[in-house]
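Trainee: Work out the full structure, taking the sequences as your base and the hints as a guide.
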Amino acid sequence: MQDLSEHPCAAFPDGLSSLSGHEPGFRKLRMDISVVLFEGFTTLDFTGPAEALQRIPEYSIRYFSLCGGPVGNGKGLAIETLPLAGARPGILLVPGGFGTRRLVNDSAFVSALRKAAEESACCLTVCIGSALLAKTGL
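Start counting the sequence shown at 14; every next residue gets the next number (our numbering).
Mixed in with the good hints there might be a few duds.
[Said to hold, decoys possible] Taking CB as the label site, the calculated pair distances span:
{"no.": "1", "residue 1": "71", "residue 2": "144", "range": "25 to 33 Å"}
{"no.": "2", "residue 1": "75", "residue 2": "127", "range": "14 to 22 Å"}
{"no.": "3", "residue 1": "150", "residue 2": "88", "range": "25 to 33 Å"}
{"no.": "4", "residue 1": "64", "residue 2": "120", "range": "14 to 22 Å"}
{"no.": "5", "residue 1": "115", "residue 2": "68", "range": "29 to 37 Å"}
{"no.": "6", "residue 1": "120", "residue 2": "70", "range": "23 to 31 Å"}
{"no.": "7", "residue 1": "96", "residue 2": "56", "range": "18 to 26 Å"}
{"no.": "8", "residue 1": "143", "residue 2": "98", "range": "16 to 24 Å"}
[Unchecked claim] Each computed SDA-like pair below joins lysine to any residue, with the alpha-carbon atoms no more than 25 Å apart:
{"no.": "9", "residue 1": "128", "residue 2": "81"}
{"no.": "10", "residue 1": "148", "residue 2": "57"}
{"no.": "11", "residue 1": "128", "residue 2": "139"}
Calculated directly from the structure, the hints in this document are not laboratory data.
Where a beta carbon is used, it is the ideal one built from N, C-alpha and C, also for glycine.
Mentor: Dropping the structure here:
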């Protein structure tokens, strides 16, 4: 089995046995989580992972879209986002949603997503968000 204890996403080298930081083998790791949103995202696809990840005190979550500004899920929820070009290396989270169907053919979005993914320590996708990351060719 490959040793991933030094991987930037491995905050818990002894498994997910602890969040307190007092057990042996635990090391604190500052990590930025960049959630990429788009018109027509599925709310649960980003709120589920974000809810779990935000419980780790050293992790911070920020929301991004191609150009920044408010982005809606099509059901009345809008999230204020920053421009994707400003995403920091760390974890990149790409949710799914009906908006992906349009974005897989949006070369500006795919190019920006590829750049953000290349600069990230690791990428997480949920549902059809994987199609967006696949479209980057990574």
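Trainee: All the hints need checking, so say for each whether the structure fits it.
Mentor: Now the hints, each set against the structure:
1. 71 to 144: 25 to 33 Å: holds (31 Å)
2. 75 to 127: 14 to 22 Å: Check passed, 19 Å falls within 14 to 22 Å.
3. 150 to 88: 25 to 33 Å: For residue 88 against residue 150, whose Cβ atoms are near 31 Å apart, the range 25 to 33 Å holds.
4. 64 to 120: 14 to 22 Å: Roughly 33 Å apart at Cβ, these two residues miss the hinted range, so it is violated.
5. 115 to 68: 29 to 37 Å: holds (33 Å)
6. 120 to 70: 23 to 31 Å: violated (39 Å)
7. 96 to 56: 18 to 26 Å: Cβ of residue 96 to Cβ of residue 56: about 22 Å, so the range 18 to 26 Å holds.
8. 143 to 98: 16 to 24 Å: With a Cβ separation near 22 Å, residue 143 and residue 98 satisfy 16 to 24 Å, so the hint holds.
9. 128 to 81: Holds - the C-alpha atoms of residue 81 and residue 128 are around 16 Å apart, at most 25 Å.
10. 148 to 57: Holds, at roughly 22 Å.
11. 128 to 139: holds (19 Å)
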